[in-house]
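Protein chains: 2
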Amino acid sequence: MNGKEIAHYLSEQKQKVEQALPLYIERLQAPKVLKEAMNYSLEAGGKRIRPLLLLSTLKAFKQDEEMGISVACAIEMIHTYSLIHDDLPSMDNDHLRRGKPTNHVVFGEANAILAGDALLTYSFQLISEMDNRVPATTKLALITELVKAAGAEGMVGGQVADIEGEGVVLSLTELEYIHNHKTGKLLAYSILAAGMMSNASKEQLQKLEQFALHLGLAFQIRDDILDIEGTEEAIGKPVGSDTINEKNTYPSLLTLEGAKDKLASHIHEAKKNLYSVGIDTEILEYLCDLVASRKN
Amino acid sequence: MNGKEIAHYLSEQKQKVEQALPLYIERLQAPKVLKEAMNYSLEAGGKRIRPLLLLSTLKAFKQDEEMGISVACAIEMIHTYSLIHDDLPSMDNDHLRRGKPTNHVVFGEANAILAGDALLTYSFQLISEMDNRVPATTKLALITELVKAAGAEGMVGGQVADIEGEGVVLSLTELEYIHNHKTGKLLAYSILAAGMMSNASKEQLQKLEQFALHLGLAFQIRDDILDIEGTEEAIGKPVGSDTINEKNTYPSLLTLEGAKDKLASHIHEAKKNLYSVGIDTEILEYLCDLVASRKN
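Chains as they are written, first to last, in this note's numbering: chain P, 4 to 299; chain B, 4 to 299.
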């Protein structure tokens, strides 16, 4: 496929995920305001990079992407819950997310916490009830790995470490620990989950994981660069907020140029691992380049 | 077994759960403060009524209770996360729980939210990795039902409805909706999960569910009565806080005597359903009586 065809393919897959998400919420028998709060943040858009990585990895293994839609939605629900909780007054106290008022600004703090809790909980049902072409034992392994990626050993642990590191100048190793946990592991899970559904070998899964972790760090470095070089319109929040909040970022540790070099080297490592998996890599390569050059 | 033997049995089972809980946290590779916050509330004690219902139901079906320890711990983690989030300043703003400072008072609001998130997430790993005498398809069903009991369609939905009902005088039906969701469904899950692990028939599961929902309402009514008749020492929080917070309670809707009658009638219905399941009921009966007469 050429670049235009890949872009079209990704846009189609994104649409499928965005059509499925509100249907999952609609079928819940739950208080109206809770469903509204859950939908509000799910519908706030975003790049849907995790679902796209999952579906593109399935395609790279020549599997039917349909098989992975519910897991893709589960991951997007977990990502969304983490944004809702991160934005709370006691955490980052953000009022804007993707150019829209944050969940707690619209629904109040209690409902925002509960909407996050409900999204997190629901994600496990989406996996346990997923496509029966995936064997029950694989579903259970998908659940275990999701817990590791999203919970105390993954994303939640990373967020705690991030809070602990506030106001402290971190080493590059400490910063990488935070990002590998806070964003890397769930991003990596998106790719690994597709590998598991495709019966990838242990060796393939290890290479996919390396690919994914480098991609995750590249993603985070690009985020830090956009906080300096981006526009408020594109990134949906004020530029320079990391500097104002004295956040540890790659540019603050490595200079802006150093951060750009680091980004390039992670993309290089990501692709090197990707090429060694032995699958059709063109769409995943395209996503690598997108991560490295994205404007939002 | 006589009453003394049953009490001894329950105390032994409680000890097994309380020994297992910190071991599950210990093995996590996660920031120290997060593990401390998770442990703090798990160790704060309580009656462990949900784990005891699960293990006693397994025994009633003549199963090895050991098979259910991890699910019992998973339920206790979910119950504990719900208490941590409920106590937050934006929810009930409680500073004391079981006579100890609440999680956010000790660890700060952000860590309390994250400790709750981590406990909720982890609970699903405990089920997916549980005893392999339980078939994979049953484990998946246990996960689906836990989501329904704990998420938007269960406990979280009930908490949202409870918040919506604040300052409004509710009907008995509305109050029962809140309690069935906020506490009833997770309590019922404890019993149903054991039935599912024991290969109970569909009819048996329906009767167990009726038993459990009546028991859950009885449990809640007893809670409301203790807020009036209990002692701060026993209940671990100030007496009369429901009245001060203008909470909808059974005594406020039915008078104290009316609430006591309602409690007795739910215990009666619970036992009637229990007797019809066709299992060894003595310990579950004992737990019914405990719920009806407990002092804390």
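Hints are computed from structural coordinates only; laboratory data are not their basis. A hint or two may mislead.
Each pair may be met inside one copy or between any two copies, as identical chains are not told apart.
In silico DMTMM-like cross-links for lysine to aspartate or glutamate, where the CA-CA straight-line distance does not exceed 20 Å [said to hold, decoys possible]:
{"#": "1", "residue 1": "19", "residue 2": "148"}
{"#": "2", "residue 1": "35", "residue 2": "169"}
{"#": "3", "residue 1": "274", "residue 2": "95"}
{"#": "4", "residue 1": "151", "residue 2": "29"}
{"#": "5", "residue 1": "151", "residue 2": "39"}
{"#": "6", "residue 1": "35", "residue 2": "179"}
{"#": "7", "residue 1": "65", "residue 2": "264"}
{"#": "8", "residue 1": "50", "residue 2": "272"}
{"#": "9", "residue 1": "7", "residue 2": "132"}
{"#": "10", "residue 1": "35", "residue 2": "167"}
{"#": "11", "residue 1": "103", "residue 2": "226"}
{"#": "12", "residue 1": "275", "residue 2": "67"}
{"#": "13", "residue 1": "35", "residue 2": "177"}
Here's how the hints hold up against the structure:
1. In the homo-oligomer, the alpha carbons of residue 19 and residue 148 never lie at most 20 Å apart, since the shortest distance is 24 Å inside one protomer and 27 Å across protomers.
2. In this assembly of identical chains, residue 35 and residue 169 lie within 20 Å of each other by CA distance solely across copies; the values are 16 Å between and 37 Å within a copy.
3. In this homomeric assembly, residue 274 and residue 95 never come within 20 Å of each other (Cα to Cα): the closest approach is 33 Å inside a single copy and 50 Å across copies.
4. Proximity of residue 151 and residue 29 under a CA criterion of 20 Å is satisfied inter-copy only: 15 Å between copies versus 28 Å inside one chain copy.
5. When the C-alpha separation of residue 151 and residue 39 is checked against a cutoff of 20 Å, the pair qualifies only between copies, where the shortest distance is 18 Å, while the shortest distance within a copy is 29 Å.
6. Proximity of residue 35 and residue 179 under a CA criterion of 20 Å is satisfied inter-copy only: 18 Å between copies versus 40 Å inside one chain copy.
7. For the homomeric pair residue 65 and residue 264, neither the shortest alpha-carbon distance inside one copy (34 Å) nor that between copies (64 Å) is at most 20 Å.
8. In this assembly of identical chains, the alpha carbons of residue 50 and residue 272 never lie at most 20 Å apart, being 23 Å within a copy and 53 Å across copies at closest.
9. For the identical chains of this complex, residue 7 and residue 132 are neighbours neither inside a copy (35 Å) nor across copies (44 Å), given an alpha-carbon limit of 20 Å.
10. Only between protomers do residue 35 and residue 167 lie at most 20 Å apart by alpha-carbon distance; the minimum there is 11 Å, versus 36 Å within a single protomer.
11. Taking the closest pair of Cα atoms, residue 103 and residue 226 come within 20 Å of each other only inside a single copy of the chain (19 Å); across copies the shortest separation is 42 Å, beyond that limit.
12. In this assembly of identical chains, the alpha carbons of residue 275 and residue 67 never lie at most 20 Å apart, being 26 Å within a copy and 51 Å across copies at closest.
13. In the homo-oligomer, the alpha carbons of residue 35 and residue 177 lie at most 20 Å apart only across protomers (15 Å), although the nearest pairing inside one protomer, at 42 Å, exceeds that limit.
Of the hints listed earlier, those the structure fails to meet are numbers 1, 3, 7, 8, 9, 12, in rising order.
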